[in-house]
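Chemist: The chain contents come next:
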Amino acid sequence: GAVVSQHPSRVICKSGTSVKIECRSLDFQATTMFWYRQFPKQSLMLMATSNEGSKATYEQGVEKDKFLINHASLTLSTLTVTSAHPEDSSFYICSATGDTNTEAFFGQGTRLTVV
Amino acid sequence: AQSVTQPDIHITVSEGASLELRCNYSYGATPYLFWYVQSPGQGLQLLLKYFSGDTLVQGIKGFEAEFKRSQSSFNLRKPSVHWSDAAEYFCAVSSGYSTLTFGKGTMLLVSP
Chain A
114 GAVVSQHPSR VICKSGTSVK IECRSLDFQA TTMFWYRQFP KQSLMLMATS
164 NEGSKATYEQ GVEKDKFLIN HASLTLSTLT VTSAHPEDSS FYICSATGDT
214 NTEAFFGQGT RLTVV
Chain B
44 AQSVTQPDIH ITVSEGASLE LRCNYSYGAT PYLFWYVQSP GQGLQLLLKY
94 FSGDTLVQGI KGFEAEFKRS QSSFNLRKPS VHWSDAAEYF CAVSSGYSTL
144 TFGKGTMLLV SP
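Residue numbers (this note's numbering), protein chains in the order written: chain A, 114 to 228; chain B, 44 to 155.
Simulated from the structure, these hints should not be mistaken for laboratory data. Owing to the predicted nature of the structure, the values given are computational and were not obtained by experimental measurement. The reader is advised that the hints may include incorrect statements.
Unchecked claim - A few chain A positions that, by computed beta-carbon distances, are all more than 10 angstroms from chain B:
#1 Pro121
#2 Ser167
#3 Glu176
#4 Asp178
#5 Ser186
#6 Thr188
#7 Thr191
#8 Thr226
What the hints assert, rightly or not - Simulated restraints, written as ranges between beta carbons of each label pair:
#9 Ser127(B) <-> Gly174(A): 35 to 43 angstroms
#10 Glu58(B) <-> Cys126(A): 38 to 46 angstroms
#11 Glu172(A) <-> Ser95(B): 41 to 49 angstroms
#12 Pro155(B) <-> Pro153(A): 46 to 54 angstroms
#13 Ser118(A) <-> Ser127(B): 21 to 29 angstroms
#14 Ala44(B) <-> Gln142(A): 24 to 32 angstroms
A virtual CB, placed ideally from N, CA and C, is assigned to each residue, including glycine.
I would like the entire structure built from these sequences, with the hints used as guidance.
Modeler: As structure tokens, this is what we get:
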């Protein structure tokens with residue numbers, strides 16, 4: 114299957130700083146990318162959907178000014194957690210789909226810890 | 044709105060025994076259905092998917108699932124569980140290109 118690479122896999126940052134997470138499709142063009150957040154022992158909750166070259170669509174309750182999403186190319190989307198606080202600590206996972214593919218391929222996830 | 048229910052939060056199965064994980068969905072049209080597995084601290088690995096056709100779907104690692112429209116179910120099965128199958132399993136539904144809606148997951152524990 115197609116490969117989606119997410120980087121970094123783990124990051125620890127200080128409260129008040131910003132963190133950028135990258136999601137890359139390595140062998141296909143990802144017209145749509147999704148960002149999920151997973152709290153401990155819970156399911157994945159969709160945060161936003163991004164289409165290449167367009168503004169991301171955020172789910173209700175997700176602060177777009179706090180979670181900045183950029184999808185500037187067909188192989189890269191980034192999620193920036195701005196002014197991170199301990200409550201932002203979580204597991205963030207991206208997925209991507211291509212033009213002719215109804216299957217979403219997932220990255221490995223990023224464990225963010227804000228101290 | 045689409046939704047997925049996984050009624051079992053935890054399931055414990057003896058190694059070598061059979062397994063069935065339940066999944067019920069709510070969706071207005073013909074859904075695309077998925078089962079994913081997640082090991083601790085890892086991303087999601089697709090086990091199998093149903094889009095159309097044969098309602099019994101074979102996946103990786105010896106897993107299979109059966110789509111039953113009348114019951115709105117897509118239960119995951121494996122005839123003989125291995126210790127390495129211990130993980131969390133997520134059922135998901137989508138309408139194709141749109142986003143996946145996940146169930147809350149079922150944690151599988153395998154006893155010796």
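Chemist: Going by Cβ atoms, does Pro121(A) stay more than 10 angstroms from chain B at every point?
Modeler: 13 angstroms, holds
Chemist: Beyond 10 angstroms from every Cβ of chain B: is that where the Cβ of Thr191(A) lies?
Modeler: 17 angstroms, holds
Chemist: Taking 10 angstroms as the cut and beta carbons as the points, is Thr188(A) off the interface with chain B?
Modeler: 18 angstroms, holds
Chemist: Does 41 to 49 angstroms hold as the CB distance between Glu172(A) and Ser95(B), or does it fail?
Modeler: Once the Cβ atoms are compared, 28 angstroms apart, the range 41 to 49 angstroms for Ser95(B) and Glu172(A) is violated.
Chemist: Would the least Cβ to Cβ distance between Asp178(A) and chain B come out above 10 angstroms?
Modeler: 22 angstroms, holds
Chemist: Are all beta-carbon distances from Ser167(A) to chain B longer than 10 angstroms?
Modeler: Given that every Cβ of chain B is farther than 10 angstroms from that of Ser167(A), nearest at about 14 angstroms, it holds.
Chemist: Holds or violated: 38 to 46 angstroms for the Cβ distance of Glu58(B) and Cys126(A)?
Modeler: 41 angstroms, holds
Chemist: Checking a non-interface call: every C-beta of chain B should be farther than 10 angstroms from the C-beta of Thr226(A). Is that right?
Modeler: Correct as stated: the minimum Cβ-Cβ distance to chain B is 12 angstroms, above 10 angstroms.
Chemist: Say whether it holds or is violated: Ser186(A) keeps its Cβ farther than 10 angstroms from all Cβ of chain B.
Modeler: 19 angstroms, holds
Chemist: Between Ser118(A) and Ser127(B), does the C-beta distance stay in 21 to 29 angstroms?
Modeler: 24 angstroms, holds
Chemist: Could you check that no beta carbon of chain B comes within 10 angstroms of the beta carbon of Glu176(A)?
Modeler: 19 angstroms, holds
Chemist: Is it true that the C-beta distance of Ser127(B) to Gly174(A) lies inside 35 to 43 angstroms, as the hint says?
Modeler: Given a distance of about 37 angstroms, which is inside 35 to 43 angstroms, the answer is holds.
Hint check: violations occur at hints 11, 12; the rest are consistent with the structure.
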